[in-house]
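Enquirer: Given next are the chains, with one letter for each unit.
There are 2 protein chains.
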Amino acid sequence: MSKLTAGIIVIGDEILSGRTQETNSNFIAKQLVQSGIMLVEIRIVEDNRDTIIQNILHFHKKYTYVFTTGGIGPTHDDITSESVSSAFNEKYCFHPQAFKILEEYYPKGEFNEGRQKMAKMPENAKLILNPLTAAPGFIIKNIYVLPGVPEIMQKMFVNLLQNIEKGSPKKILTINTNLYESIMATGLTAIQNKYLDCSIGSYPYFNYIDKTTGVNIVVSSWNLNNLDYIEEEIKKMILLLGGKSSIV
Amino acid sequence: MSKLTAGIIVIGDEILSGRTQETNSNFIAKQLVQSGIMLVEIRIVEDNRDTIIQNILHFHKKYTYVFTTGGIGPTHDDITSESVSSAFNEKYCFHPQAFKILEEYYPKGEFNEGRQKMAKMPENAKLILNPLTAAPGFIIKNIYVLPGVPEIMQKMFVNLLQNIEKGSPKKILTINTNLYESIMATGLTAIQNKYLDCSIGSYPYFNYIDKTTGVNIVVSSWNLNNLDYIEEEIKKMILLLGGKSSIV
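Residue numbers (the numbering used here), protein chains in the order written: chain X, 1 to 248; chain A, 1001 to 1248.
Calculated directly from the structure, the hints in this document are not laboratory data.
Among these hints, one or two may not hold up.
Examples of chain A residues lying across from chain X (beta carbon under 8 Å, computed) [as the list claims (entries may be wrong)]:
(1) Thr1023
(2) Arg1043
(3) His1058
(4) Thr1075
(5) Gln1097
(6) Arg1115
(7) Val1149
(8) Glu1165
(9) Pro1169
(10) Asn1176
(11) Asn1178
(12) Leu1188
(13) Pro1204
Cβ coordinates follow ideal geometry from the N, Cα and C atoms, glycine included.
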């Protein structure tokens, strides 16, 4: 267990309708593992005020960090900032620094009502700067509010990650084998029961192009400094069962 | 609103660690929209017994259909079937039909302990057949338990969809434009406020390869039979603002 935990709330009807394949949470997940922050849960919810408020408050109490993506653009369907303000009984108003950044970014006369909306957020929010398209995200309590467009979200996330407390990266080891996972099930269970400080996952795959099948065995731990002896035991078991193994 | 609702619970540490980009929920989401079933929420949770039970019971009460993916394989980390059994105080035991299917599928002497585990499920479950690799999913109450491997999950989902109650597909219309969304924000808000029976979403994109930017405006409705007049209003607004539009 890492003492630092996280939850992600993805806000967007376009994910729930299947229109958009969500990828932001995968990007964030990878960064968190490397940063020693344990991602515990991802929720994908509708563009609905009450739903957003409820989930924000629930995650706020439950996790060290809460990241939201989506719903902070200029149009009527972007309701994340207003909802987060309500969740914490904060005034939803123009943030002077955000207003200034956006005013300077747009050509004179083009800082219209929609664009101004992107400067509105909870009164006591701190900005997350956006190096691509200016419109900032924000931080309030332990909530980090990010946009939905992946290219922009990624740049902003990498920036904010530099400024938050991190832990020791999770140790992860992946062993690939040509054996079926059912053949290894008993052996893997025994190894898992022997080493309770690590978690052993077994992930079969079927490659329809080159017709190969196999299993990736993933050993991971927040506490152990060394996974070598677990690696050796798994490799030995695979060999005994007549299989091949390699480190991925 | 569709009277038929759904929630998806994705069970898998490999998603939360960022190892795997989750795609099953996007496949299911697309199928549900076409089937007149409104997907309200997706949760991605850990391979943890209590977490699975809690989410199953919550979704069971909240949605018409609940789909789970992942955690029904042969290894120790596959705990979905056992957890779902516990959630409903059902005995977790061999399902005679599932046992028979698997016994016949594997060569003599190869129906080992791990493979037998895939025949264990809640006592009163009904099977979801698996045309690819035999190991079935199952239905208990309104919970549909599916595997995590996308190719297998997809075949099984398409099969089960034939046997459940469906509604009228959601009407969806997508208008692409070269305008910035901030320019259209006021106009779109007015149109949205005029037609409360539809939902208008605005999705900007940045294509870093051909350097194009634009917005997709998505109009969707569960109730309206015809979106033509809304399409006309949006196209007229785009034209007035000096933009181009096309139906995607």
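Enquirer: Hints first: check each against the structure and report whether it holds.
Expert: Against the structure, the hints:
Interface restraint check: Thr1023 of chain A against chain X, minimum CB-CB distance 7 Å, threshold 8 Å, status holds. Look at Arg1043 of chain A: its Cβ gets to within about 5 Å of chain X, closer than 8 Å, so that hint holds up. With its C-beta approaching chain X no nearer than about 12 Å, His1058 of chain A sits outside the 8 Å limit, and its interface hint is violated. Interface hint status for Thr1075 of chain A: upheld, as the beta-carbon distance to the closest one in chain X is roughly 4 Å, under 8 Å.
A least Cβ separation of about 19 Å between Gln1097 of chain A and chain X goes past the 8 Å threshold, and the interface hint is therefore violated. The interface hint given for Arg1115 of chain A holds, since its Cβ lies 4 Å from the closest Cβ of chain X, which is under the 8 Å cut-off. Checking Val1149 of chain A against chain X: minimum C-beta separation of about 6 Å stays under 8 Å; hint holds. Because the smallest distance between the Cβ of Glu1165 of chain A and any Cβ of chain X comes to about 20 Å, over 8 Å, the interface hint for this residue is violated.
Of the supplied interface hints, the one on Pro1169 of chain A is violated, with its beta-carbon coming no nearer than about 11 Å to a beta-carbon of chain X, more than 8 Å. With a least beta-carbon distance of about 13 Å to chain X, the hint placing Asn1176 of chain A at the interface is violated under the 8 Å criterion. Annotation: Asn1178 of chain A was flagged as interfacial toward chain X, and the flag is violated, the nearest CB pair being 16 Å apart, outside 8 Å. Interface restraint check for Leu1188 of chain A: the shortest CB-CB distance to chain X comes to about 6 Å, inside 8 Å, so the restraint holds.
Evaluation of the Pro1204 of chain A hint against chain X yields a held restraint, the C-beta minimum of about 6 Å falling below 8 Å.
Going down the numbered hints, you'll see the structure goes against 3, 5, 8, 9, 10, 11, while the others check out.
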